[in-house]
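Engineer: Protein chains in written order, with my numbering: chain P, 133 to 408; chain B, 34 to 427.
Note that these hints are calculated values from the structure, not bench results. Predicted, not measured: the structure shown is a model, and the values here were computed from it. Quick reminder that beta carbons are idealized off the backbone N, C-alpha and C, glycines included. Treat the hints with caution; some may be incorrect.
[Claimed, not checked] Taking lysine-lysine and the DSS-like style, the derived pairs with C-alpha atoms no more than 27 Å apart in a straight line are:
1. B:Lys162 / P:Lys228
2. B:Lys162 / B:Lys202
3. P:Lys228 / B:Lys101
[Said to hold, decoys possible] Have a look at the derived ranges for each label pair, beta carbon to beta carbon:
4. P:Trp381 / B:Gly57: 38 to 48 Å
5. P:Val393 / B:Leu168: 37 to 47 Å
6. P:Ala287 / B:Lys101: 53 to 63 Å
7. B:Thr59 / P:Ser408: 19 to 29 Å
8. P:Val393 / B:Arg90: 50 to 60 Å
9. P:Leu396 / B:Val52: 52 to 62 Å
10. P:Ala318 / B:Arg48: 21 to 31 Å
[Stated by the list, open to error] Selected chain B positions facing chain P (in silico; Cβ < 10 Å):
11. Gly100
12. Ala104
13. Val113
14. His131
15. Arg133
16. Arg137
17. Ala138
18. Gln230
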Amino acid sequence: MSLVRATRSELTKQFTTSIWWVLAIVLFLYVGTSAAGIAGAFAALASGSLPADATNGPVIPAETLPPFVYSIATAVGYVFPLLIGSLVVTGEFRHKTLTPTFLATPRRGVALSGKVVAGVVMGLLYAAIAIIAAVGAGAALLAVFGIDTRLGDSATWALMGRMVIALVLWVLIGIGVGTLIRNQVAAVVGLLAFTQFVEPILRTIGAVAEGIAPITKYLPGAASDALVGASIYSSLGAAGAGGSTLEWWVGGLLLLGYAAVFLLLGWLFSWRRDVS
Amino acid sequence: MPEGHVLEFTAVTKRFGPVAAVDGLTARVEPGVVTGFLGPNGAGKTTSLRILLGLVRATSGRATIGGKTYADLPHPLQTVGAALEASSFHPGRTAANHLRVYARAAGISDARVDEVLGLVGLAGVAGRKVGGFSLGMRQRLGLAYTLLGDPGVLVLDEPANGLDPEGIKWLRGFLRQLAQEGRTVLVSSHMLAEVQQTVSSLLIISNGRLVYEGDMAGLTQPDDYATIVDAPDRAALAAALDAQGIPYEQLRTGFTVREADPARLGAIAASAGIALSNLQRRGPALEEVFLDLVNGTRVHTSVAGAAPAPTDATVGGPSEVTEAAADPAGTAAAAPAPDGATPADHAPDSTAAPDGTPAAEPAPASASAPDSAPAPDPTSTREPAPTDAEEEQR
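Start from the sequences and build out the full structure, keeping to the hints where you can.
Structural biologist: Structural data, given as structure tokens:
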């Protein structure tokens, strides 16, 4: 099966350079410390260890605190699978390795499918790392403040399942964007700028300005949060503009749609082009 | 043993906007020999090879490997090994891992990876990152990639770039061996001198068009050759030639006679009692023939004529051509020059060539030194083409 071989080749590419473990470590530390910090702060408030008037922010009740903390894995961590996805493709353009890749796998569709399947595997791996970091650090801090970690709840496990789906879809979006935007630096900078500045600003404005909220809920980050069903925005910001988030499955389909559209555009306008 | 396949270009054209990088290329590459694919930079060599390998889509026409397009090959790496550029590596990946990536894609075992690294002399650096490799090492790694599937067809684009002299010598022997095993070996280069010792078959393209298809010997034609004759007593020699009605041109290094062969000239001199200081058969500079073909000054029958008979040019005078092309030991200069004056005589010529082509390598030949080697050795006496350059010096 040439798709199986192409996938194995792609996975070998991923695991024979250092970027995958560098990003994995950064992801683990970033998500872990974020989850620990937020869990500690809100658990102190919720449990009364810290008086509620010590802050002018909202207090999240102890029952909804665990999913909120665990969803840090996607709310904060989604940019990592996104980057890995874009690197899967732009690395080939940057190092001109598309030539040997297409010589070994001449059918372009098989080559791209191999990247998508390998991307799913990478997404599962990063999802595992992000969830272990968020749930591990978060649950530990919640337990310190005597708040129920709700790790026995099926709802918590369903949340984790939806986070896995979200993180896998983010890898595929990254692959699509990377196929379309061949320049590695442009792709990485563009993705960081959009996910870390443009979309958060739009969503923050959307949370207070009624007019654009109906639009911002369709942004990829918002779709991801809707799929996961708990996040900083839905718990804090969007709570004010109630009802402006999508159903979780709609969010999931929307995120899948983003991945499909970028992959299709990349296929049409970039992947089939001459390699010289 | 893997089987070689015929490579076939059929009216392949590739346009980039209004520019035709490849313009109606029709050519055939046979297994069992090393075929040189020559042309100046920008002639369309790399584009043609990329079309053959399915990396670039031809505007029209078709390029096949054993009758199939590259994309239709069931096992591409086991059928064709291709190295196109020396920089297709992720610098952070080790040499062995680089090969493993593609071995996996083609279903080739890891053991074969170690094997090909040994074949190209990189076994000792298999675990080192490619980023620290020299250009020559990268070329070798590129070659290792081509050998992964033990393919019957090898397509190499400028493989000698960056190799040191030892590496080039090794590459030549290696390619010849692969061809002898029955494989198809196509090697591109922009320098004839670089490949003339390795290849036995040639495709030359210029501006995307084929200007020559045939063997090395067919590149030159019988009337490209002349005989150089000289004597200390030039007046006597001139008189003897005049008496026989033989036309000649007098150059600083002696007389150039176009029609007569060396044996006849020697006999004339002997019967006139003239001691010769030089008697030599000389062919044209292959590099100049190449340049003439490339710039259109010379049109070869292999592509100009309706009948594709590339070897016809040699039929008229097969003995002359083979003799002329055969002088690996550099005996041409030494044999007819008992006084040892010849090398000194010729040395200034090659350095003073006014057109700035001191590297031109003609086919100096001796009637007394027939040999089966297909190409001259560049270490033999170097001389520029006999006509234009020397005439200007007169």
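Engineer: Which hint numbers doesn't this structure obey?
Structural biologist: 4, 8, 9, 11 and 18
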